[in-house]
Amino acid sequence: MNGHLKRRPVLIPGQRPWLGFLLLAAVLVAVPFVAALGGQAWVRIANFSILYIFLALGLNIVVGYAGLLDLGYVAFYAVGAYTYALLASPHFGIHLPFWVILPLGAGLACIFGVLLGAPTLKLRGDYLAIVTLGFGEIVRIFMNNLNAPINVTNGAQGITLIDPIRIGDFSFAQTSTFLGVSFSGPQKYYFLLVALALLVIVVNMRLQDSRIGRAWQAIREDEVAAKACGINTRNIKLLAFAMGASFGGIAGGVFSAMQGFVSPESFSLMESITILAMVVLGGMGHIPGVILGAVLLTGLPEALRYGIEPLQRGLFGRMIIDPESLRMLIFGLALVLVMRFRPAGLWPSSQRRRELAESAD
Amino acid sequence: MLEVNGLRVSYGGIQAVRGITFHVNEGEMVALIGANGAGKSSTLRALSRLLDPIGGSVRYRGKELLALPPHRLVGEGIALVPEGRGVFPRMSSLENLRMGAYARNNKTEIENDLEQVLVHFPRLKERAQQLAGTLSGGEQQMLAIGRAMMSKPRLLLLDEPSMGLAPIMVQKIFEVICAVASEGMTILLVEQNAKLALEVSQRGYVMESGEITLTNESKALLTDPKVRASYLGE
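These protein sequences, in sequence, are chains A and B. The first sequence begins at 1 in the UniProt record's numbering and counts up one residue at a time. The second sequence begins at 1 in the UniProt record's numbering and counts up one residue at a time.
What the hints contain is simulated information worked out from the structure, not anything from laboratory work. These numbers were taken from a predicted model, which means no experiment stands behind them. Take these hints with a grain of salt, some might be off.
[As the list claims (entries may be wrong)] Here are some chain A residues the structure puts well away from chain B; computed CB gaps all over 10 Å:
1. Val34
2. Arg44
3. Phe48
4. Ile138
5. Leu192
6. Gly260
7. Ser266
8. Val295
9. Gln312
10. Gly314
11. Gly317
12. Ser325
13. Met328
14. Leu335
15. Phe341
[To be verified] Partner residues aside, some chain B positions facing chain A, computed with beta carbon under 8 Å:
16. His71
17. Pro82
18. Arg90
19. Tyr102
20. Ser151
Ideal Cβ positions, reconstructed from N, Cα and C, are used throughout, including at glycine.
Working from the sequences, and respecting the hints, build out all of it.
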């Protein structure tokens with residue numbers, strides 16, 4: 001019966017899986033140092049890629065597993081970010097440690113997730129997308145306007161001087177030296193982010209093959225039949241919203257600490273759409289695909305930003321098109337092409353690929 | 001086993017079911033027949049708690065069903081085979097069947113029942129690894145019935161099992177339903193194909209614009225002039 005298990009291990013040469021893991025670990029460790037050769041900006045880009053992996057895998061729970069189209073995911077990211085900003089900055093003069101705030105932010109985002117989920121339980125597809133889109137905008141607008149009558153969020157100016165993550169005297173913002181190797185602030189955040197990303201990957205993997213994972217799949221495919229099988233569709237859907245939201249909350253907190261600054265501008269609808277695009281482009285519901293999507297969609301615009309100008313000078317000897325507008329053009333074109341030629345995403349699960357092949361017959 | 005009293009269902013002011021009363025005894029197969037839009041499916045959807053009726057009571061083994069949320073029905077021993085088959089298209093046949101046992105815990109029992117169902121439906125065994133969405137209509141209907149059986153029900157609610165199937169497939173499906181019934185399963189069969197439904201069931205109710213207008217033993221209904229004129233096309 002299990003002869004059909006098509007899960008071929010990836011990245012693993014031969015019969016020695018540990019070798020693959022070792023290789024992967026070596027690459028992961030090398031990234032921040034290699035990136036630093038091009039300047040700390042590249043380490044920050046690597047950090048953002050990983051932060052987006054985290055966000056995309058959080059959203060993957062809602063969209064990929066439970067099939068609930070959420071266009072307001074950034075709201076939870078914002079809740080986490082502002083929770084951290086308000087509780088660890090001079091704005092209120094509160095400076096709680098990160099291990100208090102991050103779980104708190106995750107919990108708050110979780111509550112917001114249920115708040116969004118509860119009234120939308122009966123909605124699906126495009127209807128749900130519109131409500132979640134509205135929800136995301138409401139949260140952003142609140143952040144933008146909660147500076148009067150009591151100044152809570154400091155409005156459009158945002159909150160500055162947010163504490164970095166600190167363990168005792170060890171601050172993630174400064175350069176420090178370990179065993180003769182110097183680690184810059186972004187490099188330290190990199191390792192923190194990798195640890196968090198591994199956590200969300202493990203959670204995603206465990207969920208996929210769990211009882212809850214199967215219930216999500218059932219709801220995604222036929223809600224009536226899922227009910228008839230004895231699945232408590234209401235709770236299972238709320239669980240998807242709540243879990244996805246918690247991950248968004250954690251990502252927000254780390255974002256706040258890493259940037260030292262948050263403003264409502266960072267949580268626009270475009271951000272939600274980008275995260276959704278990562279999930280869809282990479283391969284909905286397939287963890288390696290989602291990771292690939294997140295890395296490409298953060299890396300590609302940056303690579304284009306730095307690559308277009310020298311490329312034009314090399315080709316034509318002068319600048320012909322403004323790099324900024326060309327960048328988004330190429331980016332958009334890439335998205336269209338991928339969806340046209342790989343509708344299941346760049347790296348879909350074997351099952352999803354099979355479905356698309358079969359439905360094409 | 002099942003007693004429905006004064007059940008009323010309405011969709012935004014339009015009453016689809018106008019206070020119907022009927023019952024199903026243990027071990028019997030009862031057919032609920034009627035034309036399109038008579039309220040049969042609404043009745044079944046209300047029984048399986050997929051929609052909230054505006055009045056009436058549904059007692060099952062002495063318990064009020066209308067007080068239960070839909071996902072609890074399986075635990076009470078009631079399984080629904082939804083209209084239009086309702087299989088999970090992107091799961092394999094085997095995964096579909098396993099979903100039927102979602103609310104159960106005993107693994108060895110589940111595996112035993114799975115084997116039994118596959119004996120009942122040899123066709124599903126051949127198609128075990130195939131995605132349900134790619135099965136033929138008849139196979140999907142078999143799968144939906146098989147999946148309902150996986151919850152080990154005492155009462156099976158069948159919603160239009162013949163809908164959209166080729167005549168030869170309909171014949172096959174009804175053979176399966178009869179086989180399940182002969183093992184002592186209680187069945188409430190909602191069906192537009194009145195002739196077939198009355199041939200396999202013991203008793204029947206005829207529904208017309210939201211009301212039950214006629215009830216009798218199925219054999220008697222088959223010869224009833226009114227039924228013959230309206231539903232058997234004679």
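Results of checking the hints against the structure:
no., hint, in the structure
1, Val34, "40 Å, holds"
2, Arg44, "39 Å, holds"
3, Phe48, "33 Å, holds"
4, Ile138, "29 Å, holds"
5, Leu192, "37 Å, holds"
6, Gly260, "45 Å, holds"
7, Ser266, "36 Å, holds"
8, Val295, "27 Å, holds"
9, Gln312, "46 Å, holds"
10, Gly314, "48 Å, holds"
11, Gly317, "54 Å, holds"
12, Ser325, "41 Å, holds"
13, Met328, "35 Å, holds"
14, Leu335, "25 Å, holds"
15, Phe341, "22 Å, holds"
16, His71, "4 Å, holds"
17, Pro82, "5 Å, holds"
18, Arg90, "6 Å, holds"
19, Tyr102, "5 Å, holds"
20, Ser151, "7 Å, holds"
When each numbered hint is compared with the structure, no violation occurs for any of them.
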